[in-house]
Amino acid sequence: MKARVVGGGPAGLMAADVLSQAGWAVDLYDAMPSVGRKFLLAGRGGLNLTHSEPYDRFVARFGARAPALQAALDAFTPDDLRAWAADLGVDTFVGSSGRVFPTDLKAAPLLRAWLRRLHAQGVHFHSRHRWLGWDEDGALRFATPAGEARVPAAPTLLALGGASWARLGSDGAWVPVLQAAGAELAPLQPSNCGFAVEGGWSAFLRERFAGQPVKPVSLTFEGRTQQGEFVLTDDGVEGSLVYAFSAALRDAIARDGQATLHLDLLPQHPLDKVREILNRGLGAKSLASFLKSQFKLSGLKPALLHEVLGASKDPAALAATLKALPLTLVATRPIDEAISTAGGVRFEGLDAGYQLRAKPGVWVAGEMLDWEAPTGGYLLTACLATGRAAAQGILSAAVPG
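In terms of the working numbering, the sequence shown is residues 126 to 526.
Since the hints were derived computationally from the structure, they do not count as laboratory data.
Treat the hints loosely; a few may be bogus.
Unchecked claim - No farther apart than 20 Å at their CA atoms in a straight line, the calculated lysine to any residue pairs in the SDA-like style are these:
#, residue 1, residue 2
1, Lys417, Ile402
2, Lys448, Ser437
3, Lys127, His244
4, Lys448, His431
5, Lys421, Gly353
6, Lys340, Pro312
7, Lys127, Lys448
8, Lys448, Ala428
9, Lys231, Phe250
10, Lys438, Lys448
11, Lys127, Ala278
12, Lys417, Ala428
13, Lys448, Ser521
14, Lys340, His251
15, Lys231, Arg241
Unchecked claim - Label-pair restraints from in silico Cβ distances:
#, residue 1, residue 2, range
16, Pro341, Gln304, 42 to 48 Å
17, Gly220, Asp359, 27 to 33 Å
18, Ser521, Gly336, 46 to 52 Å
19, Ser521, Leu166, 29 to 35 Å
20, Thr269, Gly307, 22 to 28 Å
21, Glu473, Ala441, 38 to 44 Å
22, Pro277, Glu473, 26 to 32 Å
23, Glu332, Gly478, 52 to 58 Å
24, Ala191, Ser521, 22 to 28 Å
Note that the Cβ used here is the ideal one computed from N, Cα and C, for glycine as well.
Can you build the whole structure from these sequences, using the hints too?
Have a look at this one:
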């Protein structure tokens, strides 16, 4: 039996792994000169493979699409992922945040071990093959350095990524091709992305503090609060804490034209205590000196406070703003800058084995599907799990009856 896998990211590689282990002849095509480029980039700061939190909470991170992903995740849980990595010779550990990493924190050794196994299982890799769709006979069309190539029809699994980091291969160019084929698609949108603030930052804040982290801080939006850190950008905010709220913030901006979040700059101090300290008065100290001596605040946090309140020294206003500083966001950063994307092929247009109802013989996996999740290992786990599930769908479809 033969299968084609289009896309050399985690979902495509996992699909090729499952199919080749089952004895199928697998040809894998990728637009880039080598596979796994976004995977390698994600591992530069320490490859976050998955998360160790209780499994029910893990699944809930996928929000409205959790029920659609449940079966795939059940079949390839975070524990299964760690066992899979160990089978490749890569040990893992749980960090203080609950995130799971390879012991050496690197992506390259894991990818090299994985590719060695795939080569040993007979997977044939075809680089610099950019998928263009199908011809009138159903053959796959590819743009290659030598011109257009056509590959005879066979069970095909598409794992082409979303539309972020186009320079690494996931450019969303597949959208019009699948639309023309009748697939059900949700519009691609940025996820785990940065945002622009209303009116932009003052020149002082931008020139002095852009690129610096704000920590520790708690963020509250639509009744949900989480502590962490984020980064001030030239025109707004980005970073892990912002990414955790990006879906809700993005949807609120789309609905209302803006979204106002609140930052607790003193998450370790109760509001009553902050009020009590401020009500004593500044004495002979400047506000900056007072904040530094009483709350250990200096640098970016007082600058943010001044950005919102100006030179006000009113104790009530200071206390309220220190504990709930409002930031109004008006736009996401461009989709190509996002960590990941939302939208894509709707689960309603797939059968239980991830096959396109509009295009029998074609399966879809990974970030092409209409789901999103925060950073923290959830993205990679779901890409691997859906790649595995779609490959199992191909195997099941080949069994008579």
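For each hint, the structure was consulted:
At roughly 13 Å between alpha-carbon atoms, Lys417 and Ile402 fall within 20 Å of each other, so this suggested pair holds. With a C-alpha separation of about 16 Å, the suggested pair Lys448 and Ser437 falls inside the 20 Å cut-off, and the hint holds. In summary, the hint linking Lys127 to His244 is supported, as the alpha carbons are separated by about 16 Å, within the 20 Å threshold. The hinted pair formed by Lys448 and His431 meets the criterion: a straight-line CA distance of about 14 Å does not exceed 20 Å.
A threshold of 20 Å between alpha carbons decides the hint, and for Lys421 with Gly353 the separation of about 18 Å falls inside it, so the pair holds. Among the hinted pairs, Lys340 with Pro312 is inconsistent with the structure: their alpha-carbon atoms are about 34 Å apart, more than 20 Å. Distance hint between Lys127 and Lys448 is unfulfilled; the C-alpha atoms sit about 61 Å from each other, more than 20 Å. Our distance criterion of 20 Å between C-alpha atoms is met by Lys448 and Ala428, whose separation comes to about 15 Å.
Between Lys231 and Phe250 the alpha-carbon distance is near 23 Å, which puts this suggested pair outside the 20 Å criterion. Taking the CA atoms of Lys438 and Lys448, the gap is about 15 Å. The hint holds against a cut of 20 Å. Proximity of Lys127 to Ala278 is assessed by CA-CA distance (about 10 Å); at most 20 Å being required, the pair is judged to hold. Using a Cα cut-off of 20 Å, the hinted pair Lys417 and Ala428 holds, with the two alpha carbons roughly 12 Å apart.
At roughly 56 Å between alpha-carbon atoms, Lys448 and Ser521 are farther apart than 20 Å, so this suggested pair is violated. Taking the CA atoms of Lys340 and His251, the gap is about 45 Å. The hint is violated against a cut of 20 Å. Annotation: proposed proximity of Lys231 to Arg241 holds, straight-line Cα distance about 17 Å (limit 20 Å). Checking the proposed 42 to 48 Å range against Pro341 and Gln304 shows it holds: the Cβ atoms sit about 45 Å from each other.
A C-beta distance of roughly 30 Å is found between Gly220 and Asp359, which places it inside the suggested range of 27 to 33 Å. Taking the beta carbon of each, Ser521 and Gly336 are about 50 Å apart, inside 46 to 52 Å as hinted. One distance hint, 29 to 35 Å for the beta-carbon pair Ser521 and Leu166, holds here, with the actual separation near 34 Å. Under the hint 22 to 28 Å, the C-beta atoms of Thr269 and Gly307, about 27 Å apart, fit the expected range.
In this structure, Glu473 and Ala441 break the distance hint of 38 to 44 Å, their C-beta atoms being roughly 52 Å apart. Range check, Pro277 to Glu473: about 30 Å between beta-carbon atoms, so the 26 to 32 Å window is met. Distance hint check for Glu332 and Gly478: the Cβ-Cβ separation is about 55 Å, which falls inside the suggested range of 52 to 58 Å. Between Ala191 and Ser521 the beta carbon distance is about 23 Å. The supplied range of 22 to 28 Å therefore holds.
The structure shown violates the earlier hints numbered 6, 7, 9, 13, 14, 21.
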